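All chains should be built: construct the whole structure from the sequences, respecting the hints.
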Amino acid sequence: MKILVVGNGGREHALAWKLLQSKQVDEVFCVPGNGGTVSLERCHNLPIRLDDFAAIGRFAQENDISLVVVGPEVPLSLGIADYLLAQNIAVFGPTKAGAEIEASKAWAKDLMAEAGIPTAKSAVFTEKEEARAYIKTQVAPIVVKADGLAAGKGVTVAQTIDEALSAVADIFQDGFGKVVIEECLIGEEVSVLALTDGLTIRPLLPAQDHKRIGDGDTGPNTGGMGTYAPAPLCTPTLLEQVEREVLQPAIATLQKRGIHYVGVLYAGLMIAPTGELKVLEFNCRFGDPETQVILPLLETPLEELLLACTQKRLAEMPPIRWKTGACVCVVMASGGYPGDYQKGKEITGIEPAQAKGAIVFHAGTLAPDNPKSASQNPKSDGGRVLGVTAIGENFEDAQAKAYAAVDCIQFEGAYYRRDIAQKAINSTIEV
27 MKILVVGNGG REHALAWKLL QSKQVDEVFC VPGNGGTVSL ERCHNLPIRL
77 DDFAAIGRFA QENDISLVVV GPEVPLSLGI ADYLLAQNIA VFGPTKAGAE
127 IEASKAWAKD LMAEAGIPTA KSAVFTEKEE ARAYIKTQVA PIVVKADGLA
177 AGKGVTVAQT IDEALSAVAD IFQDGFGKVV IEECLIGEEV SVLALTDGLT
227 IRPLLPAQDH KRIGDGDTGP NTGGMGTYAP APLCTPTLLE QVEREVLQPA
277 IATLQKRGIH YVGVLYAGLM IAPTGELKVL EFNCRFGDPE TQVILPLLET
327 PLEELLLACT QKRLAEMPPI RWKTGACVCV VMASGGYPGD YQKGKEITGI
377 EPAQAKGAIV FHAGTLAPDN PKSASQNPKS DGGRVLGVTA IGENFEDAQA
427 KAYAAVDCIQ FEGAYYRRDI AQKAINSTIE V
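Numbering-wise (the numbering used here), the sequence shown opens with residue 27 and increments by one.
In short, the hints are calculated from the structure, not lab data.
Please note: incorrect hints may appear among the correct ones.
[Said to hold, decoys possible] With beta-carbon atoms standing in for the labels, derived distance ranges:
| id | residue 1 | residue 2 | range |
| --- | --- | --- | --- |
| 1 | W348 | E155 | 43 to 53 angstroms |
| 2 | Q50 | R84 | 18 to 28 angstroms |
| 3 | E325 | E156 | 50 to 60 angstroms |
| 4 | Y160 | W348 | 41 to 51 angstroms |
| 5 | T186 | Q50 | 50 to 60 angstroms |
| 6 | L225 | L104 | 18 to 28 angstroms |
| 7 | S192 | G284 | 33 to 43 angstroms |
| 8 | D52 | Q113 | 17 to 27 angstroms |
| 9 | A195 | K28 | 46 to 56 angstroms |
| 10 | E156 | D90 | 49 to 59 angstroms |
| 11 | Q380 | E155 | 35 to 45 angstroms |
[Said to hold, decoys possible] Derived DSBU-like pairs: lysine-lysine, alpha-carbon spacing no greater than 30 angstroms straight-line:
| id | residue 1 | residue 2 |
| --- | --- | --- |
| 12 | K237 | K154 |
| 13 | K405 | K237 |
| 14 | K147 | K304 |
| 15 | K204 | K237 |
| 16 | K49 | K28 |
| 17 | K449 | K147 |
All figures in this text were calculated on a predicted structure; none of them were measured in a lab.
Glycine included, every Cβ here is placed at the ideal spot set by N, Cα and C.
Following this line, the structure appears as structure tokens:
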């Protein structure tokens, strides 16, 4: 079969890489892809924009594409699944109505309230001065969220009231029409991604992302500076609780609203020191960089699971099979990220990194003129440039392999955290 993957980040490189491991998959096409996807055997980049649904649909029909897998949230929120479904093209990803669960934090909070899903207390405002007045009645730390898609960077955990007031001003200045003010939850975050055909839920391995730019979880939020799986914090018992109290009620409430949700339902959770869980946010797609550590541990052919979701037969699938061990991904970012950064920096050392046993997923790169040539190097083209990933028998082993590979790679201004997966290594919970 032929599969088309929509997107150009590390998540899409990981999806293409995993799909091509199946004997059932002949070719993968990426729209538009990046310097990593084009270097894969039997993988082809297509010069089509993410929002050119007509061109994507036309290519799928003319080339007998069996399945379209949508990576990013933006085309989902714009209705790519609706368009392709209307053309009778199988697509893994929710419709525009379902994607509201990520596209609008206020909408998601309303859905959680209706479903009885545990989450932080919050208030929603459409006027800047009303939001500012409310904040002045609260106690810091307090969380300020832009109500809309912000590439993982629309959240400010304000340590002071003045910082929260400033965040509100920035959100309205940036053109967002709504802001969500939340209580600040204390604990550790964990990401639980689940596949669903709109009726059945199948959770994947829990992962823990590192959102802050600096070691020790310091500095501003990013799209994610690294991750690991399976997160020891989310024990099998806790994962069952997440499925029972979060995922199943969410799908049931979506159905009640007339939304048949097919794709990934991603719950970002806060686990308090007491063990109490609350939902921080929902996302409507595979996480990035969580996908880069979940898929390397997946043994069940990915396309079988995705097709089962599109055909409403996920309940008939046997239990998902996983490899033993642990997986760690370290993100190498451009200097200055998540603020201003430069592009076009030549990247060297990827082959030596892979020779050390790492998988180097390209997050923000441009392909060289001749991508199959070992003598040509890709160039940086984003804030997050590479996701250097390694599997090990345990977290110490995986972390050591990942950082040994990172040491091989160079590009001007490269920055990365040095403590990815340290929490897992320090954990007393058995994986």
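- Violated constraints from the hint list, given by number and in increasing order: 11
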